[in-house]
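Colleague: Between the sequences and the hints, there should be enough to build the whole structure, so can you do that?
Chains as they are written, first to last, in the numbering used here: chain A, 1 to 141; chain B, 1 to 235.
Derived from the structure by calculation, the hints contain no laboratory data.
Below 30 Å or equal to it, Euclidean Cα-Cα: the simulated BS3-like pairs (lysine-lysine) are:
| hint | chain 1 | residue 1 | chain 2 | residue 2 |
| --- | --- | --- | --- | --- |
| 1 | B | K167 | A | K15 |
| 2 | B | K213 | B | K94 |
| 3 | A | K89 | B | K50 |
| 4 | B | K167 | A | K95 |
| 5 | A | K141 | B | K177 |
| 6 | A | K5 | B | K177 |
| 7 | B | K213 | A | K31 |
| 8 | B | K87 | A | K89 |
| 9 | B | K117 | B | K155 |
| 10 | A | K31 | A | K5 |
| 11 | A | K10 | B | K177 |
| 12 | B | K177 | A | K13 |
| 13 | A | K10 | B | K156 |
| 14 | B | K167 | A | K10 |
| 15 | A | K141 | B | K155 |
| 16 | B | K224 | A | K31 |
| 17 | A | K128 | B | K167 |
| 18 | B | K167 | B | K214 |
| 19 | A | K141 | B | K156 |
| 20 | A | K118 | B | K167 |
| 21 | A | K5 | A | K128 |
| 22 | B | K110 | A | K118 |
| 23 | A | K13 | A | K141 |
| 24 | B | K155 | B | K214 |
Covered by chain B, per the in silico footprint, the following chain A stretches (three or more residues, Cβ under 8 Å):
| hint | stretch |
| --- | --- |
| 25 | 22 to 34 |
| 26 | 73 to 79 |
| 27 | 121 to 135 |
Simulated restraints on C-beta separations:
| hint | chain 1 | residue 1 | chain 2 | residue 2 | range |
| --- | --- | --- | --- | --- | --- |
| 28 | B | D65 | A | E119 | 28 to 38 Å |
| 29 | A | E119 | B | E103 | 21 to 31 Å |
| 30 | B | F27 | A | K15 | 48 to 58 Å |
| 31 | B | I33 | A | D12 | 38 to 48 Å |
| 32 | A | E7 | B | R53 | 53 to 63 Å |
| 33 | A | N114 | B | I33 | 24 to 34 Å |
| 34 | A | L35 | B | A141 | 38 to 48 Å |
| 35 | A | L140 | B | D22 | 49 to 59 Å |
| 36 | B | N230 | A | D49 | 18 to 28 Å |
| 37 | B | D22 | A | K15 | 47 to 57 Å |
| 38 | B | D14 | A | E54 | 52 to 62 Å |
Everything numeric in this text was worked out from a predicted model, so none of it was measured.
Built from N, CA and C at the ideal position, the CB exists for glycine as well.
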Amino acid sequence: MKYIKEERIKIDKSKITKLAAYHDPCNYGRKAQMLFGHGYFQEPRWIMDQCAEEWVDLYPMEMNQTCCGGGGGTLTTGNDEERVYYGRKKIDQIKASGAEMIVVPCHSCHGQLNNIKKEHGFEELEVKYLWEIVADALILK
Amino acid sequence: MTEADKRVNLDQLDHDSCRSWDYSQDFCVTCGICSSMCPVSGIDDFDPRKLVRMISLGMENEAVDSRWPWICTMCGKCEASCPMEIKISSIVRKIRSLRERDEVPGILHKGLETALKTGNNLGLPKEDFEFILEDVAEEIAEEPSFENFTVEIDKKGANILTTIHNKLVNTHTDDLKHWWKIFHAAGEDWTVPSENWEGTNWGLFTGDDEAMKKMSGRIVDHMKNLGAKNLLWPE
Ligand code: SF4
Ligand code: SF4
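Modeller: See below:
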């Protein structure tokens with residue numbers, strides 16, 4: 001955030017052409033709010049505003065967001081069937097939002113969504129890290 | 001499962017076994033809001049209300065042996081809507097912590113053990129790690145506007161020290177590039193430690209507080225030893 005505010009990096013919004021949606025990871029949002037009293041809801045949305053002309057929120061979001069299903073180490077416990085089933089709600093929400101790209105700031109969400117999108121009939125969905133869209137939209141000297 | 005198996009084992013009803021747990025489990029009014037919020041309610045007969053009631057009744061062993069705590073992602077959705085403010089995801093983590101370590105499913109405990117021994121979940125030796133980082137840096141330097149890009153490992157006094165997620169030096173090396181490119185564009189002074197660089201902390205998932213402390217302690221040590229001013233720990 002600091003880089004963009006101080007104009008240490010410059011962003012070209014037109015570089016992100018697909019309609020993006022933002023997903024709140026449980027740990028950065030709801031759980032941070034419950035444990036530490038501050039959920040990171042506004043900060044990533046501000047970055048989204050800087051990087052994309054247009055983007056959408058999923059419903060529900062922030063405190064009421066639905067987990068992607070890849071958290072809590074479930075990507076590594078071998079209970080894969082349950083994990084894929086868990087993610088159906090998230091994929092449905094992304095479909096309902098009309099987005100072609102989902103932006104997440106979490107490694108687990110990223111891995112999970114890429115892993116389950118095919119099974120839920122959304123293979124063309126592009127999954128991006130929040131810092132990846134910043135890197136993609138950089139104006140280079 | 002036969003009918004006999006399904007019957008609740010009354011020997012398990014030991015009110016004292018979870019007495020000392022302070023997650024407010026005894027305040028549960030069995031309203032079921034948590035269960036209707038949970039995306040995996042119904043799988044394997046699981047739902048959070050049942051788990052809370054089991055702990056309140058003291059059915060500790062049954063909870064520890066069950067698959068339920070490992071199907072839950074500890075997402076906290078149940079907890080955020082519980083009118084009695086019961087710490088459901090903390091209960092899940094506590095139950096996970098009581099599993100025999102060898103019985104922790106999948107690679108979670110094995111990865112953690114490897115990390116405690118070698119500094120990362122993969123057991124990747126230092127030379128290989130440095131080779132991968134430098135290789136990726138060279139790829140970036142081939143792109144326009146990044147001609148003089150390099151990665152400086154173990155640099156002292158850098159403004160930012162960053163940890164690495166093991167998958168980024170394993171199967172997803174391209175995903176190392178995003179942050180690095182931003183650093184480059186911003187003219188940042190940054191570094192990566194050559195050892196104990198693992199950014200994930202699987203003790204969070206297995207309920208292992210000791211291991212978590214040790215993993216985080218290593219990062220604190222880096223900050224001190226390398227004199228870095230800020231930490232980027234995206235995992
Ligand atoms: S929401 Fe809270 S009070 Fe209601 S059943 Fe679940 S744990 Fe009990
Ligand atoms: S924390 Fe676990 S039990 Fe609660 S809603 Fe999430 S997955 Fe369900």
